[in-house]
Every structure is written in structure tokens, then in C-alpha cells.
Amino acid sequence: MTFRQARWDEPAVWDLAPPRGADRPPEISGIPEKLRRKEAVRWPELSELEVVRHYTRLSQMNFGIDTSPYPLGSCTMKYNPKVSELLARRKGAAEVHPYQPEETVQGSLEILWRLERILARVTGLPEISLQPAAGAHGEYAAMLMVRAYFRDLGEIAERTEVLLPDTAHGTNPASAAMAGFTTREIPSKDGCVDLEELRRAVSKKTACFMLTNPNTAGLFESDILEIAEIVHGSGAMLYYDGANLNAILGITHPGRMGFDVAHLNLHKTFATPHGGGGPGAGVLAANEKLGPYLPVPRVVKKGRRFSLDYDRPHSIGKIKTAYGNFGLDLRAYAFILSHGEEGLRHISRRAVLNSNYVAARLGKHLPRPFRTLVKHEFVLSGAPLKERGLRTLDLAKRLLDEGVHAPTIYFPSLVEESLMVELPETESKRELDGYVAAVERALSDTTENLHAAPRSLSVTRVDEVRAAREPLLSWKDLRATGAKVETP
Amino acid sequence: MPRWIPDEPGEESALLEALGIASTDALFTDIPKRARIGRMGVGAARDEPDVVGDIDRLLDKNKPLSKFSSFLGGRLGARYSPAAVDSIVSRSEFYTAYTPYQAEASQGMLRTLFEFQSLWVEMTGLDVANASLYDGATAAGEALLFCRRLHEGTRFLVPTSLPWEERSVLENYASGPGLRVEGIPFDDRTGRLDLDFVRAAVAKKDVFGVLADVPNGFGHVDEGVPDLKSILGDVPLVVAADPLSLSVLEAPGNYGADVVIGEGQGFGISPSFGGPLLGLFACRKEHVRSAPGRIVGATVDTEGRRAFALTLVTREQHIRRSRATSNICTNESLMALAFVVYATVVGPRGLAKLQAALAEKARTLASGLGAIEGLQAPRFDAPYLGDFTLELRRGTGEEFLDRLRRRKVLGGHPLKDPRPGGTGGPEQILVGISESTTEKDIQKYVRAARAAVEAVGRSA
Numbered sequence: 001m002t003f004r005q006a007r008w009d010e011p012a013v014w015d016l017a018p019p020r021g022a023d024r025p026p027e028i029s030g031i032p033e034k035l036r037r038k039e040a041v042r043w044p045e046l047s048e049l050e051v052v053r054h055y056t057r058l059s060q061m062n063f064g065i066d067t068s069p070y071p072l073g074s075c076t077m078k079y080n081p082k083v084s085e086l087l088a089r090r091k092g093a094a095e096v097h098p099y100q101p102e103e104t105v106q107g108s109l110e111i112l113w114r115l116e117r118i119l120a121r122v123t124g125l126p127e128i129s130l131q132p133a134a135g136a137h138g139e140y141a142a143m144l145m146v147r148a149y150f151r152d153l154g155e156i157a158e159r160t161e162v163l164l165p166d167t168a169h170g171t172n173p174a175s176a177a178m179a180g181f182t183t184r185e186i187p188s189k190d191g192c193v194d195l196e197e198l199r200r201a202v203s204k205k206t207a208c209f210m211l212t213n214p215n216t217a218g219l220f221e222s223d224i225l226e227i228a229e230i231v232h233g234s235g236a237m238l239y240y241d242g243a244n245l246n247a248i249l250g251i252t253h254p255g256r257m258g259f260d261v262a263h264l265n266l267h268k269t270f271a272t273p274h275g276g277g278g279p280g281a282g283v284l285a286a287n288e289k290l291g292p293y294l295p296v297p298r299v300v301k302k303g304r305r306f307s308l309d310y311d312r313p314h315s316i317g318k319i320k321t322a323y324g325n326f327g328l329d330l331r332a333y334a335f336i337l338s339h340g341e342e343g344l345r346h347i348s349r350r351a352v353l354n355s356n357y358v359a360a361r362l363g364k365h366l367p368r369p370f371r372t373l374v375k376h377e378f379v380l381s382g383a384p385l386k387e388r389g390l391r392t393l394d395l396a397k398r399l400l401d402e403g404v405h406a407p408t409i410y411f412p413s414l415v416e417e418s419l420m421v422e423l424p425e426t427e428s429k430r431e432l433d434g435y436v437a438a439v440e441r442a443l444s445d446t447t448e449n450l451h452a453a454p455r456s457l458s459v460t461r462v463d464e465v466r467a468a469r470e471p472l473l474s475w476k477d478l479r480a481t482g483a484k485v486e487t488p
Numbered sequence: 489m490p491r492w493i494p495d496e497p498g499e500e501s502a503l504l505e506a507l508g509i510a511s512t513d514a515l516f517t518d519i520p521k522r523a524r525i526g527r528m529g530v531g532a533a534r535d536e537p538d539v540v541g542d543i544d545r546l547l548d549k550n551k552p553l554s555k556f557s558s559f560l561g562g563r564l565g566a567r568y569s570p571a572a573v574d575s576i577v578s579r580s581e582f583y584t585a586y587t588p589y590q591a592e593a594s595q596g597m598l599r600t601l602f603e604f605q606s607l608w609v610e611m612t613g614l615d616v617a618n619a620s621l622y623d624g625a626t627a628a629g630e631a632l633l634f635c636r637r638l639h640e641g642t643r644f645l646v647p648t649s650l651p652w653e654e655r656s657v658l659e660n661y662a663s664g665p666g667l668r669v670e671g672i673p674f675d676d677r678t679g680r681l682d683l684d685f686v687r688a689a690v691a692k693k694d695v696f697g698v699l700a701d702v703p704n705g706f707g708h709v710d711e712g713v714p715d716l717k718s719i720l721g722d723v724p725l726v727v728a729a730d731p732l733s734l735s736v737l738e739a740p741g742n743y744g745a746d747v748v749i750g751e752g753q754g755f756g757i758s759p760s761f762g763g764p765l766l767g768l769f770a771c772r773k774e775h776v777r778s779a780p781g782r783i784v785g786a787t788v789d790t791e792g793r794r795a796f797a798l799t800l801v802t803r804e805q806h807i808r809r810s811r812a813t814s815n816i817c818t819n820e821s822l823m824a825l826a827f828v829v830y831a832t833v834v835g836p837r838g839l840a841k842l843q844a845a846l847a848e849k850a851r852t853l854a855s856g857l858g859a860i861e862g863l864q865a866p867r868f869d870a871p872y873l874g875d876f877t878l879e880l881r882r883g884t885g886e887e888f889l890d891r892l893r894r895r896k897v898l899g900g901h902p903l904k905d906p907r908p909g910g911t912g913g914p915e916q917i918l919v920g921i922s923e924s925t926t927e928k929d930i931q932k933y934v935r936a937a938r939a940a941v942e943a944v945g946r947s948a
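One line per chain: the protein sequences are C and R, in this order. Here the first sequence is numbered in the working numbering, starting from 1 and rising by one per residue. Here the second sequence is numbered in the working numbering, starting from 489 and rising by one per residue.
Just chain C, same shape as in the assembly (with noise of 0.2 Å):
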């Protein structure tokens, strides 16, 4: 097969039609002078079809799930069905307001309940709020729900640490420093949690063990059951990283597991498309003792009548304007719905099945580092290719030519120059063998090859490096330097 991106020399937008700048906005009575702007804003004035055929070529020179496999571990790229794209544009979805009376969004009111009643089953946790805006933002609202929780406990002066395994996603940590807490990394055994490492790290001044199982390295950690009780042995709370639970849909759950709260990635396990970076919707799921501070307002139901609750005096409050993204609510909804009980463990069974069988045909070619029974991603090493003179960077590059997207690159990181593959139930066999040979040629092209990839796709290699130390951050910059976009 050969593969071949459009290639357009499409010029910047502003390149199109320079702005003439200049021309002075309309006067708006009572604006004083000092406050009306001296310039339009400096923008190009072009026809809708050429605004329409600019960002089409963009869009061409972009991958998709629809255009190829996109095995980034962790991140559960699956089909994003489109009649939840359908539904999300239906003027009852689309065009309602936040601030619209209760009694004129009852059909909104009631499709947030139903999936956090559903939600709630999924995670084995009664407790919902679908406010945050991604993955992070839940950790981050789940970590402050840590904190308030031993404020009122009186033990917050002295629960000063989150703990966390070293394959942690970054957003971990990050999100446990912004709640105000320090971290530790716990080292791991085998790709797993280190259960007397973790013993002797939890203590009276831990506040919470962050998790996420299956963990990072595609590994379940069989543990979890000790890991449970070391933790709570010690008064500290339990969180899970949803991020992985495409794994164990159906199968296990966050509550049987034993832990406390939770955050879930509607645009990975329920199939709301990314969107080129976001956007993303981070549910909350909270157990009885850290429940009643989720987020305001929690969706409640009196009779048949669907409203919002304020009254909830353990709550933070807010983390976020409004009461979460609904357009993707109400596309994992339709996901949920389509599904049903069978079809969501069918979810995790497929993805599990996909992802052995790749790592059980890749694993001929490149060393895994950890026990072979993996779950619905698991990971290489690159390391190899370094007798070569290569990197996992150059055979990341070399399979964009074939058409098909990279594994996650160097992470997790405890994994010499690792690959991070997932390719969720919704690849077929066909799809799974095509890219197994793609990454079987890759690896008998030549090293010069290698590193002359990619050469298929709207630019080569990009100089990253350069990008950091040159920083050009914006048109203005780029005036400055007087560079332009389709030419160096």
C-alpha cells in the first residue's frame, strides 16, 4: 500500500487577504474614548467560500479515526459513532440554554440523571457529577474532595501527601500539587505496584493513593484487593484514574475494587471524539463518604420532576460555569444505550482480545518488558533499534507513511525508549493485521529510511527542537521575523 497526505501549499489565513488594519470600528454611544478600540482587529476579510475551502485543506492534512488507526495507548481512540453526532446537533440538545428555566429543560435534566444513574452502575460508586471538562479537571475536583473531606475529618494539617505509582499519567501528580498536596511516586515491581514499597510509604500523613488499573504498562494489577486495604488501613483514600477502563467494563469495577473516587474519560471509554485535543468531559464517581462534595448543583429527581440541588453544604462548589459538557453527556449516553449491559463487557472482552493479539504478533519483533498477559494496551520497547543507530522516535515516524497512526511514544517511562500501543474492539481483525504488517515493514526498511521519515504526509520531519528554542508563537511573531507560513 502506498500512502499519500495532500500536500496543499496553503498559505495562512491572514496571507490570503493581508489585513488593511486601520479602518476604525463603529462608535458605540457611552463608550468613552479612552476604551473604544484604535484599530479593527488587525483579521483578513475573506469570501465564505474561501474561508470554507481554507479550512478544508487544512483538514486534509490531518489524521483521524476515520481516516486511519490511531493506537495511542491511553487514550482509547475508537470509532466515534455517528449517530451520537446526530443527536448532539438536534435542536433540543444544541439549542438550549444553561440558564433556561428547569421547567423548559426537563428532556436535558433527565438525560444527565439517567447516565449518572448508569454511570453509577458502571463504577460500582452512587455518587455522580458530570462537571468536569476532562480527564485532569475530575482528578483535579477529586483531589479537592480529598482535601475538604479531612478538613472536616480535622487531618488536613497532617494528611499533607498523595501517593502514586511511577507509571502514573502526568496529570496525577500535576492535579494532586494544584489541590495543594505533595507527591511521592511509589517504584513498581514487575510494571506493577510494589506492595511493600507502598507499605512503607503509606503513613498518617497520606492523604490519597492515586491509581489507575489496568495501569499504564497494560498490566491489571492483580494486588489491587491489598493495595485497597493497605491504603485505607491508614485512613487515606483511594482514587482511580479512569482513564484505563475500557479494560474491565462489565467484568470489575472502581467500587468492588475498593476505591473511593473516581473520574472517568467519556471521550475514551464511551466514545466522544477528541476533537484534535478536546473537547473532553471528566465524570466524577464518589462513594458514600466522599459524595456529598461533588460539585454543585447535582441533578436530582422529586416525582417525575427533574432539578438541579444547590442545597449541599459539604459540597466545593464549583470547578466549572454550568453543569458539565453536555453535547458529550448525551453522546456516551446514546453510546450506553447502543450497547446495553452485554455489548459494554463485549467492549472490554473485544478490546482486551485486539490488544493480546497484537502484543502476541508484535512481541516477535520487539522485547516486552513485563508478563505477556496484557490487557487493552500493552507496551514495547524500542530499545533494539538502538544497534541500529535508531530510535522508537524514527520507527514512530517511519509508520505514519504507511497510513496508520503511532503508538504512544516514551511513556510509560520506566520502559526504555517504550511504544504504547491500544487498538480498541472497534478495529477488526483485518484492520489489527494491517497493522501489524505495516510495523513489520517498517522494521525491515533501511535505516536510512528510518530516519528520512516520514515522506508521505504534508511536511517531513519536524524540527521540534527548534520550535522550543525559536519560540514562534503567533502571527505577530511571525511579522516580526517577517517569515511567512507556506515558505521558511
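There are no misleading hints in this set.
Not close to chain R: a few residues of chain C, all C-beta gaps over 10 Å, as computed:
id : residue
1  : 302
2  : 314
3  : 368
4  : 416
5  : 482
Cut-off 20 Å, straight-line C-alpha distance, at most; resulting in silico cross-link-like pairs (PhoX-like, lysine-lysine):
id : chain 1 : residue 1 : chain 2 : residue 2
6  : R       : 928       : R       : 555
7  : R       : 841       : C       : 38
8  : R       : 717       : R       : 693
9  : C       : 34        : R       : 717
10 : C       : 302       : R       : 549
11 : R       : 896       : C       : 91
12 : R       : 773       : C       : 476
13 : C       : 38        : C       : 476
14 : C       : 386       : C       : 364
15 : R       : 773       : R       : 717
16 : R       : 928       : R       : 896
17 : R       : 896       : R       : 555
18 : C       : 301       : R       : 549
19 : C       : 91        : R       : 549
20 : R       : 928       : R       : 849
21 : C       : 364       : C       : 429
22 : R       : 555       : C       : 91
23 : R       : 932       : R       : 849
24 : R       : 717       : R       : 692
It is worth saying that the hints were derived from the structure and are not from the lab. Keep in mind that this is a model prediction, so the values were computed, not measured. Think of the CB as a built atom: it goes at the ideal place given N, C-alpha and C, for glycine as much as any other residue.
Position chain R against the provided structure of chain C, taking the given hints into account.
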């Protein structure tokens, strides 16, 4: 079960066979029995037509904005978006992509985000914008933490009139590092910030940042905001600006703002019951290494062609972990795309014309409502653009709005904090105008308001 999971006959058995196992049960032996669950109680799968039918029935219980004459305004609007915006946002090369970690495969999104950053830089008069935050309120929270990295102190000053939701979000962002958010009082007649209060607070050397919003929480434009920086000296000034207002108002960077944030929902993003939204953030170039969020930079490829990549990543959580400038990972990139497409389709002249038209209609409505005894509109003697505050002398805002609703008018939203023990105070309603507001809608509002006030008078 949906067609989304492949089920070609023989396919799954071929996968199992390759692994030498009989069923997928063999793949879950690492999950201890005691940790297993039984049925979740989620219900059976539905076919696509049923799902569409079910959800349409639920959505039919909503009354969308088009069923009313709507005057909901403030930070979240209900403004019209040209169809071209959704057409571009619906291109699945954009919406089904992940964060552009592999720059070469993602030039389309990277270039779009670079254009988005450039637009916010032009609008604000600052140097650097990030590739988006979650919403205007969390942008304020990030701005607070950003200011603390630039300046010592424990106190962050914000207008007392800041919308309660934003104040609550800010207090959460402040709580981690043990910082305090304090309200700046305002003049009762004009709603203007008390600059003497700010001067006195700053003199105590413990203020690390000040936030002012344009328009403010009352929808009015505070003429004192451009004078703030001369009082603050090296204390950072954050201006929370409505993007549309910047088509006619001075770029805050030109009057000393160090950070300009905003809520971008009005630019091509449907209200969708409050999300997704779009957080805007710009700062000065010398502070960029303290900035939160993803940033796209221009560079070149190996052939010297212009190329783009995520840059200055050592600020971020995946590299810096607990010492990152922010925990943000997923942002609102697709909404940033909507923002830049909207602004480009409408164009700078179109934006200014739109803002002027909204201001004109707002004045007509305010004078109509102001003529009714028992109402004060606009509540403050200060300029305004598309929003203003209405104050009731009798009855509650809820009751007033409920009476309007029965006449198919959504008259605005109450400014009060709805939480028990929240701010009491006068019965004030924020009223807003949109493109769809007609002369007839305005007359309808005025008639309905007069009837509502009279009804309250009778029942009192």
C-alpha cells in the same frame, strides 16, 4: 449489539486461535475472583432507530430557545452561528483526531490552532495565546495561579460583581496553594470598581494579582478598568474580556493587562446546555514559560518548509509532572477551531457591526423596561454593549421570570448565588440581546414585563 464492534463470522475465533485460547475468559485470569462483579443492571442493547427514538423523545421534553423570545445573555450567549462553522467543525479529520502528538500527521489541526492563537493575540493586544482552556471560569482560575508564579503575595482581587459561578471556581483554584480571593467593592450608582480600595490593598504588598472583567458581571463597561494598571505597578492585571466586545473596545494589552482571558462560546459554539465551552488565555511573551496549557509554535521540517508543533512542553504535566504550570491535558481544541472559523467567516468588520447592532437593540429594550414603574433598567449608570442589568423593586427575580416565561419570554437570568446562604441582595436580572432579537421580541418583553410587575403589585 451495535455494528461498531466487528463481528464477521470466524473473526473472533481466529483471534482466539492465534492466541491458543478457547475463550476470552483466559484473558481475564489476572482479575481476582473477589474483585469480579455480576450484572451491572444497565439494560439491554437498543438498535440505532430505537436509540434515536428514545433520545428524541427525551429531547422533545426540552423547549429549545427558538420556542421563546430569548434574552439570556452574559458570559454564555445564544448567538447565531453561520452554517459554515458547523460544516468545518463536522469534518471528521478534525473532530476524530487526538491531541497532535505526532506533528507530521496533524499539521491541519496544528495550523488551525496557530491561527486561533494568533487571532486571540490580535484581539487582546498581547503576545502569546495558548491553544485553549476548558472555559472562561477555569481560565480565570489558571490566570490566578499564573499571577502567583509572577508575583509574591496571598491575595487575589476580583470584582464583587463577578458571576458567582466564576467566583466559586476561582476560590477552588486558590484553595490548593492556600491563596485568598477577595471582592473589590463597586459604586452603587455606576457599578464601577472602587479604585481606592484597590490602591489601599496593593499598598499592603500582599496582592499578587487583580482581575477585572469587561463587560463586568452586570453587563456594563467599567470606565475605570484602563486606569487599574497605573495603580497596580508590577502586580499583574488580568482582564476577562468578552471576545465580541473586543471588536469595538480597546485591546486590554494596550492599557496594561498582563493576561487576557475570556469565554469563547459566543463564537460559533452552540449553547448545548452549557458545554462544551471555550477558555481563552493570552499573556506577554516574557511570561510564556509560566503559562498553562498547550501552545503551538511555528518551525520548519527537514526540507525547510514551514511546519508546526506543540512546543514549550517542558511546562506541561507529561514532562514536569507535579511541578507543571497546570494539570491540563485535554483542552477544547475543536471549540478553538469553531472560534477561528466563526471570526473569519464573520470578519472583523462584521464582528464590530454585530456588536454595534446588539448595543443598539439593548438600548431600545432598556429604555422600554426602564419606563415601567417598579423596574430599574439599566440598573447602573454606565455604558453597555449587548447586556445590561435589570433590578426589581418588588417581588423576586424568579417570580418575575416565571411570569415572563408563561408569555414565551425568557427574560434573562438572576444574578444571585442560588446556593443556600449565597449572596442575598437586590433582585437583579442579567438581560442579553442576540442576532435573532427582533423589534417585536423587544415589544413583547416590555409588555410581558409590565404585566408581570402589575401582577406582583396586585398580589402584594
